[in-house]
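Residue 51 in the numbering used here sits at position 51 of the sequence shown, and the numbers go up by one each step.
None of these hints come from the bench; they were simulated from the model. Heads up, some of the hints might be wrong.
Unchecked claim - List time: in silico SDA-like cross-link candidates among lysine to any residue, alpha-carbon distance up to 20 angstroms:
no., residue 1, residue 2
1, Lys32, Ala69
2, Lys43, Ala69
3, Lys43, Phe58
4, Lys32, Asn48
5, Lys71, Arg33
6, Lys32, Ile64
7, Lys43, Gly55
8, Lys43, Glu62
9, Lys68, Lys43
10, Lys68, Asn44
11, Lys43, Val66
12, Lys71, Phe58
13, Lys32, Phe58
14, Lys32, Ala49
15, Lys68, Val41
16, Lys32, Leu42
17, Lys43, Leu59
Said to hold, decoys possible - Restraint ranges, calculated between C-beta atoms of paired labels, are given here:
no., residue 1, residue 2, range
18, Arg78, Leu42, 45 to 55 angstroms
19, Met72, Lys32, 19 to 29 angstroms
20, Val79, Ala56, 56 to 66 angstroms
21, Arg33, Glu57, 50 to 60 angstroms
22, Lys68, Leu39, 15 to 25 angstroms
23, Glu62, Thr35, 19 to 29 angstroms
24, Glu36, Ala56, 12 to 22 angstroms
25, Glu50, Lys71, 17 to 27 angstroms
26, Lys71, Arg47, 28 to 38 angstroms
27, His63, Leu39, 16 to 26 angstroms
28, Asn67, Asn44, 14 to 24 angstroms
29, Arg78, Thr35, 34 to 44 angstroms
30, His80, Arg33, 31 to 41 angstroms
31, Lys43, Ala76, 35 to 45 angstroms
Beta carbons: idealized from backbone N, C-alpha and C, even for Gly.
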Amino acid sequence: MQLPAPGPPETQKQYVPFRHYNGGVGRCVQAKRSTELLLNVLKNAERNAELQGRGAEFLVIEHIQVNKAPKMRGRAYRVHA
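Turn these sequences into a full structure, and let the hints guide you.
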């Protein structure tokens, strides 16, 4: 399974549709950081398969899940006297 080399996400001209729940396509954004992270995970899986003596062409992605991160609470900057 040789991954195609699409180049860095900054050079891509095609946008990723942003779907929120069951709604339609909202604003289109370039998911630069998330595509880099996903490509790194796929390349790592390919390298691990080659190191274990298995062919990378036999790798199958059965399930991918992305969870929503918890919201960070803001801090109230006040005078503590």
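Check the structure against each numbered hint from earlier and tell me which ones fail, lowest number first.
2, 4, 9, 10, 12, 13, 14, 21, 25
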